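Put together the whole structure using the sequences plus the hints.
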Amino acid sequence: MSLRISDPVRIGTEQVAGGRLLGWAEWGPLDGVPVLLSPGAATSRHLGFGADVLDGLGVRLISVDRPGLGVSSPAPGRTFGDSVGDVRAFAALRGLERPLMVGNSQGAPFALACAAAGVVGALAVVSGADEVAAPRFADALPDELRHLVELAVSDPAAAEKLFAGFTPQVMWDMVMSGSPECDLAVYRQPAFAAAYRRALDEAFAQGADGYARDTVLAMGHWGIELSDIDVPVDLWYGEKDTGHSPDQGAGLTSRIPRAVRHLVPDAGGAVLWTHAEQMLSTLLKHTPAS
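Numbering of the sequence shown is given in my numbering, commencing with residue 1297 and proceeding in unit increments.
Worth flagging that the hints you see were computed from the coordinates, not collected in a lab. If you're wondering where the values come from, they're calculated on a predicted model, not measured in any experiment. Backbone N, C-alpha and C fix where the C-beta goes; we use that ideal spot for every residue, glycine too. Among these hints, one or two may not hold up.
As the list claims (entries may be wrong) - Label-pair ranges, simulated between beta-carbon atoms:
1) 1443 / 1561: 29 to 35 angstroms
2) 1430 / 1314: 31 to 37 angstroms
3) 1305 / 1389: 27 to 33 angstroms
4) 1454 / 1543: 35 to 41 angstroms
5) 1315 / 1414: 25 to 31 angstroms
6) 1501 / 1535: 14 to 20 angstroms
7) 1393 / 1313: 15 to 21 angstroms
8) 1497 / 1314: 22 to 28 angstroms
9) 1561 / 1388: 38 to 44 angstroms
10) 1354 / 1309: 35 to 41 angstroms
11) 1547 / 1477: 22 to 28 angstroms
Have a look at this one:
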C-alpha cells in the first residue's frame, strides 16, 4: 500500500476572540467544497489526508490547530463549547458558511460538539474516540486506561498535569506499540512516518498543555447533547480497530439521530488515510446541492 502524503497548498492564521490565533492549513482547490478537519490527538494542521483524491472530488480540506497545539494560541480551561465558538468564528472569517467536517480520533468529540451546535452541515467521525467515561464502558476498558479515565473524571486538574508530561516521542511510541499490523503498514511508510513525526513535533511546539487539555476533555464526561444533532453523521471504524471505541462506535452511533456506522473490513485506526476517497465521497452526498 502506498499513500500520497503532501504538504499543505496554503497555510495561515486567523484571529478570533481575545486576540487569539488559530492556525490552519489547506489542500485541494480553493473553490472546492469546504471540509474542516478536526485532527487526531497531538497532531498539527500539517497532517492532512486524501491528497491524491481532493482535486478529483472537488474538496477543499482545511485542518485547524486546536488552541495550544501547533501555532494556535493557548486557551487554558477551554471547553467543548469554546471549541464550537472557535469553529463558528473561523468559518465566518473564512467565508465557509456551514462547512462539512471530519473528526478524526481524539478530534471526534470536538467535531460532534460542532454538529450538535449546528455549526457544520454534515459530519464524518473517523476512528472516533468514544465517551469512555460513560458507565457502559466501566468494565470494558483495560485497567490502565480505566484508571486514567477515573482520574480525568474525579480530578481533571491532576489528570491534565499528568498528560502535560507527555512528549512527541511518548505519543509516537504509544501509537506504534498499540496498533495492529494493518496500521503499522501505513505508519511505517517513510513519507507518512516523516509527516506524522513532524505533526507531533509541531503540536508540542508550545509544550504539552494543549494536548493535555484535549485529552482531559475527551476522557471525561462530554456533556454534548448528541440527541440534538440534526445534521447527517457517518461514523467510520476499521474492523481491526478496538482502541478508539470499545464497541467500535455502535453505542455512539445509537445516540445520534439517523447516524450511520460503517465498519470497514481489513482496516484499523488508519482508515482516514486508507479509505479517504470512500469517506469523502459519502460526506459530499450531504452537501445541499447533492
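Numbers of unmet hints, in rising order:
3, 4, 6, 10
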